[in-house]
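Make a model of the complete structure from these sequences and hints.
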Amino acid sequence: MAAAVSGRVAFAVAVLAVLLFYFEILAQYVLLGMSQEIFHTFYRIPLLEEAGRLLVPARLADTLAGTFLYEKREVLEYFPNGGQICAALAWILLLGVAILLVLGRRKTEMTGRGFASRLAERVTEFLLSVLAGLCACTLILKIFHIMGEGGLKGVLCLTLAGVVGTLAVHLLVEGLVRVPLRKIARRKGQLAAECIAVCVAALAFLEGRDSFDGFYPRPDQIKGLSIFMNGVDIDQAQYEEIEAGRDHYLIDSRLAQYSLHDNGMEEGLAWLRTVCRQGKGSGRVTTATVCYEMKSGAMKYRTYPVDEESLDAFAGVYECGEYKEKAYPLTEIKEAEQERLVWSDGVLEQTLRLTAQEKKDFLAAYKADVDSLKLAELKESLPVGYIELESEVSAKDMRAAIYPFFGRTCNFLKEHGADVGKQIEDYKIVGLKVKNMPSGTGKRTGNTGIRFYQEEEDLEAWRGKLVPEDLAIQPILHPVDGRTYAEAEIKDEDTSSVTITQCYGKAK
Numbered sequence: 359m360a361a362a363v364s365g366r367v368a369f370a371v372a373v374l375a376v377l378l379f380y381f382e383i384l385a386q387y388v389l390l391g392m393s394q395e396i397f398h399t400f401y402r403i404p405l406l407e408e409a410g411r412l413l414v415p416a417r418l419a420d421t422l423a424g425t426f427l428y429e430k431r432e433v434l435e436y437f438p439n440g441g442q443i444c445a446a447l448a449w450i451l452l453l454g455v456a457i458l459l460v461l462g463r464r465k466t467e468m469t470g471r472g473f474a475s476r477l478a479e480r481v482t483e484f485l486l487s488v489l490a491g492l493c494a495c496t497l498i499l500k501i502f503h504i505m506g507e508g509g510l511k512g513v514l515c516l517t518l519a520g521v522v523g524t525l526a527v528h529l530l531v532e533g534l535v536r537v538p539l540r541k542i543a544r545r546k547g548q549l550a551a552e553c554i555a556v557c558v559a560a561l562a563f564l565e566g567r568d569s570f571d572g573f574y575p576r577p578d579q580i581k582g583l584s585i586f587m588n589g590v591d592i593d594q595a596q597y598e599e600i601e602a603g604r605d606h607y608l609i610d611s612r613l614a615q616y617s618l619h620d621n622g623m624e625e626g627l628a629w630l631r632t633v634c635r636q637g638k639g640s641g642r643v644t645t646a647t648v649c650y651e652m653k654s655g656a657m658k659y660r661t662y663p664v665d666e667e668s669l670d671a672f673a674g675v676y677e678c679g680e681y682k683e684k685a686y687p688l689t690e691i692k693e694a695e696q697e698r699l700v701w702s703d704g705v706l707e708q709t710l711r712l713t714a715q716e717k718k719d720f721l722a723a724y725k726a727d728v729d730s731l732k733l734a735e736l737k738e739s740l741p742v743g744y745i746e747l748e749s750e751v752s753a754k755d756m757r758a759a760i761y762p763f764f765g766r767t768c769n770f771l772k773e774h775g776a777d778v779g780k781q782i783e784d785y786k787i788v789g790l791k792v793k794n795m796p797s798g799t800g801k802r803t804g805n806t807g808i809r810f811y812q813e814e815e816d817l818e819a820w821r822g823k824l825v826p827e828d829l830a831i832q833p834i835l836h837p838v839d840g841r842t843y844a845e846a847e848i849k850d851e852d853t854s855s856v857t858i859t860q861c862y863g864k865a866k
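Residue numbers (the numbering used here): 359 to 866.
Don't read these hints as lab results, they were simulated from the structure.
Please note: incorrect hints may appear among the correct ones.
[Said to hold, decoys possible] DSS-like cross-link-like pairs, simulated, lysine-lysine; straight-line CA separation at most 30 Å:
(1) Lys684 - Lys732
(2) Lys849 - Lys791
(3) Lys772 - Lys717
(4) Lys725 - Lys791
(5) Lys866 - Lys793
(6) Lys823 - Lys791
[To be verified] Quick list of simulated restraints, FRET-style, between CB atoms:
(7) Leu461 - Lys500: 33 to 43 Å
(8) Lys780 - Lys718: 56 to 66 Å
(9) Arg642 - Ser617: 50 to 60 Å
Quick caveat, the model's predicted, so the values are computed rather than measured.
The beta-carbon is built from N, C-alpha and C at its ideal position, and this holds for glycine as well.
Put into structure tokens, the structure is as follows:
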């Protein structure tokens, strides 16, 4: 195709690049970038992602070949869906028709020019100019965030950037195909059409913002709801990565985990109704990412800002039985005959020697404590430790946080030898390596101060100011000092061995 429409090797290479990367840039950078900047509640748009998979030749080939699969069984059972096969056939058919059309109109006298077909020249010029205009719109949005508050000024800046980008590339292409440079300002009608197309696309995004951000489905339109509250039941590092926009994998996995269909969905919809009405997030303390599973089969994703009042109101969702089943999966296990239970206080681990009946009693005590758990209680204290259930059947480990107000569970663990309540300051700390991170969520490199402490009085000054990293799992409800990261050297007085424990500073 590239060779058919071009009269020179350089232009053939350029056309080939357009065929290979045009839709990649359009879908993954331009449309995605504009969506992120214009839509305040944007998280992801599955339709846009699917378009990227079907319209980009390299990604379509990967999808057809199943290169994203790693398990042998999945590879052997994999077969592309109908839409992917149709997209591949459409690419083959359209390129074949285009080649025949171009060859039929190719003229001998145009050999040696940039394009051997005027139609191909016009189409390529139009596509590149429109893409350049949209890229300019995306760039101006990313750099200046002009649509943060909206208004006429932002609209004018956006459309002006689009027109300038379109004009620049249009004239550039004209200059390249006209040698020597003559009449590069021809095709004024096409230039006007290109500018209009860019402006219409940009204005369509702006026009659809209120509809996108204000989306709230009727209960009879959805069959499932997933809610992930950033900063609740995740560790500090994960929270910072999500706040910095670098960990979509964790959000997707949590949305899959917190899939609600019964009373949890009803409570979630009632809570989301108030969140949608609160505006653009003044007083924002965190975000909630939501997936509406529509009865039509569509998946609608949104990320909402959450203020302190809405966070407290989330208790209605958090405390319902269906949500707790998802958040505390250990409560769904009735027996654990083949599993091993390991207690950890964030510093040292201890294997509990329990009979099958004792394991069953532990699970019952834990479930009773979780059933009575209130969201407000999580603001009072961090966990005193956690139980890790190691299974030889599923080959998976399951971790359950143990809070000091889990009375039944704590009493059971104490009765069976666990040193519940022992904190890091109760151990003998012989050295500290403290890193003071720069301010700003998610920043982990550069401008980091490191201090070493080994003197008794220096170590005593840090007493009661550290939290083991494994116990810092409520960054919003019970925050720690994420800018202070320490490695504590803890000496076992019986064996004289030294254990390194990663810690955060306690919030001041």
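Structure-based check of each hint:
no., hint, verdict
1, Lys684 - Lys732, "15 Å, holds"
2, Lys849 - Lys791, "15 Å, holds"
3, Lys772 - Lys717, "14 Å, holds"
4, Lys725 - Lys791, "39 Å, violated"
5, Lys866 - Lys793, "17 Å, holds"
6, Lys823 - Lys791, "14 Å, holds"
7, Leu461 - Lys500: 33 to 43 Å, "42 Å, holds"
8, Lys780 - Lys718: 56 to 66 Å, "26 Å, violated"
9, Arg642 - Ser617: 50 to 60 Å, "25 Å, violated"
Checked against the numbered hints above, the structure breaks hints 4, 8 and 9 and satisfies the rest.
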